[in-house]
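Peer 1: Sequence:
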Amino acid sequence: MLWVPNESYNGPHKPGIQRVVNYIGASGPFNMWLNKELDVMSNIPLADLRFMRRDPELNKMLTWFNNFQVDYLSLDTMNPPLDNLKLRQALSHAIDRNELNDVVYISQGAPHQAAPRPESVYYHERLATQHTEFDLDKANEYLDKVLPDKDAEGFRLNKNGERFSFILTARTDIVNGDDRIVVAHRPAAVDHFLAAPFHLGVATLHGGKIEILC
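Each step along the sequence shown adds one to the number in my numbering, with nothing skipped, and position 8 is 8.
This list has only true hints and no planted wrong ones.
Derived pair list, reagent style DSS-like, types lysine-lysine, alpha-carbon separation capped at 27 Å:
1) K36 / K60
2) K159 / K138
3) K138 / K86
4) K150 / K86
5) K150 / K138
6) K159 / K145
7) K145 / K86
8) K86 / K159
Since the hints were derived computationally from the structure, they do not count as laboratory data.
Predicted model, so just to flag it, every value in this text is computed and none were measured.
Make a model of the complete structure from these sequences and hints.
Peer 2: Written out as structure tokens, the structure is:
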């Protein structure tokens, strides 16, 4: 894709860059960058990033910036068992968001519900933070109301006497035969998310878009 200045723009700031070529879906962008076929590369694959970090000269060329996004769990609240509000609240209190933030996001995130961020005019502090504190006692208090029965090992039991469990869907698309690399276009991901038997999925909101990882 070729980007050029808008000839109809009559504002005070003249574009400093006259031509930008965006290689959409190009194979081997990192090698193209190494060969000086590309001036800038973003969203560097993890393997290439590790290579750059180990090279003193390449490491100097890395520029880090914040990615303003919200990662959240998407629940199937229309069907059992997660149609039960108290059960969902119990699961929420059983998640140690601070530890997840420290370990996964290198302490750069903040516990938050799937609600507008503070900079939004629609931000509501109570709705954004309710049930986000890690509290196992409270989680068990809620669970006692909806799943009071336990087996000999302390596992919660459904009404049919089986151990309570729920399905966390994982992305199943495979790229080039490598099941470690998963990429899906949004429409396909949404279709899979809606059609698959799941109770809980993972979604990301960033830049006004929702990426459903299912």
